[in-house]
Every structure is written in C-alpha cells, then in structure tokens.
Amino acid sequence: MLDDQARWVAKAKTGDTLAFRRLVEMNTSALFRTCVRVTGDKAIAEDAMQEAFFNAFRHLREFDERAQFSTWLHRIGVNAALEQMRRRNRVEEELPAAENEAAVFPVTTESTPGPDRHARSAEIRRDIETQLSRMTVLERSAFLLRHNEGQSLEDISAQLSLNISACKQAIFRAVRKLRLALEPPG
Amino acid sequence: MNPITDDDLILFRYRDGLERARLAEIEHELSISPALRERYAAIERMLAEVDGQPEPLADADLGARLWRQLEPRLAQAGVVRTRMSWNSRWHALLESLRPQRLAWAGAFALMLAVGAGFYAGRQSAPAVDATSAADATALRVLDAYVAAHLRATEGVLVTASNSGSAALVDGNRELAASLVESNRLYALAATRAGNARLADFLHQLEPVLMSLANQADGGAVQSSEGLRDYLHATDLLFQVRATEARLDRNGDRRT
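Which chain is which? The protein sequence lines are P and A, in order.
For the first sequence, the working numbering assigns the number 177 to the initial residue and increments by one for each residue that follows.
For the second sequence, the working numbering assigns the number 281 to the initial residue and increments by one for each residue that follows.
Please keep in mind that the hints were generated in silico from the structure rather than gathered at the bench.
All C-beta atoms in this analysis are idealised placements derived from N, C-alpha and C, irrespective of residue type, glycine included.
A portion of the hints provided could be inaccurate.
[As the list claims (entries may be wrong)] DEER-style ranges, computed between Cβ atoms:
1) 263/P <-> 335/A: 49 to 55 Å
2) 454/A <-> 302/P: 32 to 38 Å
3) 281/A <-> 328/P: 23 to 29 Å
[Said to hold, decoys possible] Derived SDA-like pairs: lysine to any residue, alpha-carbon spacing no greater than 25 Å straight-line:
4) 189/P <-> 351/A
5) 353/P <-> 306/A
6) 218/P <-> 293/A
7) 218/P <-> 324/P
8) 353/P <-> 318/A
9) 187/P <-> 344/A
10) 189/P <-> 355/A
11) 353/P <-> 293/A
12) 189/P <-> 293/A
13) 353/P <-> 294/A
14) 218/P <-> 451/A
15) 218/P <-> 334/A
With the hints as constraints, model all of the structure from the sequences given.
Now the structure itself:
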C-alpha cells in the first residue's frame, strides 16, 4: 500500500492528475477522520479536505519523500482544517493561561464500572461528544491527535503552532472537560 | 520527589512529554501506592470511554465528490499537465471502464462481433460452410454474452426482491442502471441475429430493470414487496433462469 503510494506520488509529481486521483482515493478516509477531529463538523471537514488536496497537489514537488505521503498530507490536512475554523472565527487567538495542576480526578471516583455505569454508556458517549464539541479547536485537536492518532506532542505542537508546554496544557484542559462527561450524576 | 499530579499521569499514560527519570519515578510510585493506582485507573477508564466513541466515517462517495470539485480547480489553477502520456491515457481508459460501464462496452463489442460475423459470412462466397461457421461463431458469442447479462440480471432481481437493506438497494440500483443500457444493445443484437424470441424477452426485461434503476430512496420495503408480487405473477425470474440455461446449452452445442 505504502509502496503503491510512492509509485503514485512519483507519477503525480510529473503533473499526472490521474495518479493524484488515486492518492486522493487512498487517503480520503484517514484524512476525513483527522479533519472531522479538528473541526468537529463533517461539512467543514470536507471543505478542509478540498483545500488540503488542492494544496498537496500544488506543492507536491516540494514533498521530499523522507516522510510517508500520508503523513505529509495529514499535516496539510490539519492546517487546512484549522484554517477553515479560523475563517469561521472558531479558533481562539490565544490559549487561556495554564491552570493549576489540581487533581483532575477525585480519589473517590468509583473504582470499577458497576451496572449503573454500563446502563449509562450510551449517555456517556453522548456526553463525551458534547464535551468534545464544547472544547476549543486547539484543545480538541491536541487531545484527539495525541489520543486517537498517537502523534507525539512535538509533532502536534508543530502542527498547531504551539510550544510544547501550551500543547500539554491544551491536552490537560481537554481531559478535564471530558471528565465532566463521566462524573456520576448527583 | 515532586508530587505526582494527574497531568503527570496523563503524560505517563502516553509515555510522552516526561523525562525518563520522571517516568521511572511514576512507575515506581504506581507499584507501591494503591491511591495513585486508583487515580491512574480513573484516567485510563475515562480515556477508554473516548476510545469507545464511534469513528467519523466518510460517505462512500466522498472521494469521488472531492475529485469532481478538485479537478476543475486544478485545471483552472494551471497545475495540471495539459498532455497526458500514453501510460496515463491507458489508466484513463481503465478508469473509464468502471464495472457499470463494462457491460455496456461488452454489449457494444458484441454488436460489432455479431455484425462482423454476419458480414464475413455473407462476403465469403461460395462458402455455405464458411457462412454458417461465421454465423455460428457470432451466435455463440451472442449467447455467451447474453447468458452472462441474464446472470447479472437474475442477481439484481433476487437482491431487489429479498432485500430491505437501503445499502443493498442503493448498490443494486446502480447495477440495474448499468444493465438497462446493455439490455437494449443485446436486444438489438438479438434482433439483427434473427433471434426474435430472445429479443422479445430482453424487451420484456427492460421496464423491470428501469424501474429498479429508478427505485426511490427509502422505498426499499414497499418496492421489494411489489417486485416479489410482480415476479410471482409473471414467472419472470424463472424465465430469466430458463433463458440463461437455454443460451448456455446453445453455446455448448455450437462449440
């Protein structure tokens, strides 16, 4: 698959749009997931993908193939998604100042999931979704890129134009917000 | 040792953003402190809930939709090559022969083959034997193609009459649409080959294929009930299978 991508990249670099179309098809699902994670909105994600693929094709000659094409495209996708959110004024200009590092989870958190907890699982999923949508773009992006896509803090910081410390803080805040979705009622 | 905060535990969970010495301290503390283990378990439980969230799934046609918008932009921006290599043209040709178009292309090729067969037969005098050999070849090709077409049609009818699934109906609708065109061409080829019976039968199939190709969204259950009734009343499925078997037998006899 990856060798296959390299072959299509080489063809696409010569301006072959059909080869590039193959690359679009091969990377659509993964890029869509990333863009939805950053934007939290499928329609905006689609606009971002449009820009990402357009920019990728325009700058394909600059791609030096030291990284995988999918990794390179992923970065372009994250930038495009953030740009879409900026255009819609949904990206905060600055991150809030670091909060004190009080315990995120009280020690009294139930230690094993009981039947009530299982019964609440659908509700919990909805609550998590709500909390994710309430996060700032940077918090959600930093957290989901770290947690779901397994990217390093260093890479995430570079993509989000944050320093490492700010990137960590964004993740900590995201986790605190998610905690609200899981607090036992009452 | 600095107290271990929940933020430290989050970084520990990802094994990222902490010095190696700090990681070792946390690991050691976790092995001896039940309270810390409980806090860490709470973090892991919460993150496991996030893992349980459904993945955002792209529509099946998202890639094609993106490309439709992207292609004119690339052309407009002048970033595409204006002349394609032969290799690319070949890929373009393959791309154009997507499955739904293959049947149409096959039917067209068949028309040419049947026409050429009869023409060759008529041109090669005195050649009564040659004429019949050419005719037989053309008819064998026609039989084989139409039998394959009927097998695909049978699949579409069976799926449409048995399935209440919207996804299956969608796929079936596309397949039926691709069969309409080839059905017309096979009917024409059968007429030209003098096989009026086959041509009539294929004409009878056309409105069924067209109604399946135009099946409305969300009407899967009602449509399949209606189709079941129609198939039952007309024995159409049986006729499709019987014609298919007859064509297969004809092909065997002519070889």
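Hint check:
At roughly 26 Å, the beta-carbon separation of residue 263/P and residue 335/A lies outside the given 49 to 55 Å, and the hint is violated. Checking the proposed 32 to 38 Å range against residue 454/A and residue 302/P shows it holds: the Cβ atoms sit about 35 Å from each other. Taking the beta carbon of each, residue 281/A and residue 328/P are about 26 Å apart, inside 23 to 29 Å as hinted. Of the supplied pair hints, the one linking residue 189/P and residue 351/A holds, its CA atoms being roughly 16 Å apart against a limit of 25 Å.
The straight-line distance between the Cα atoms of residue 353/P and residue 306/A is roughly 24 Å, inside the 25 Å bound, and the hint therefore holds. At most 25 Å may separate the alpha-carbon atoms for a hinted pair to count; residue 218/P and residue 293/A exceed this at roughly 30 Å. In summary, the hint linking residue 218/P to residue 324/P is supported, as the alpha carbons are separated by about 17 Å, within the 25 Å threshold. A C-alpha spacing of about 20 Å is found between residue 353/P and residue 318/A, which places the hinted pair at or below 25 Å, so the restraint holds.
Restraint check for residue 187/P and residue 344/A: the C-alpha separation of about 20 Å stays at or below 25 Å, so the hint holds. With a C-alpha separation of about 15 Å, the suggested pairing of residue 189/P with residue 355/A holds against the 25 Å cut-off. Pair hint residue 353/P plus residue 293/A holds up; C-alpha atoms about 18 Å apart against a cutoff of 25 Å. Under the criterion of a C-alpha separation no larger than 25 Å, the hint pairing residue 189/P with residue 293/A is inconsistent with the structure, at around 40 Å.
Simply put, residue 353/P and residue 294/A have alpha-carbon atoms about 18 Å apart, close enough for the 25 Å limit, and the pair holds. Proximity of residue 218/P to residue 451/A is assessed by CA-CA distance (about 24 Å); at most 25 Å being required, the pair is judged to hold. Under the criterion of a C-alpha separation no larger than 25 Å, the hint pairing residue 218/P with residue 334/A is consistent with the structure, at around 14 Å.
When held up to the earlier numbered hints, the structure conflicts with 1, 6 and 12 and fits the remainder.
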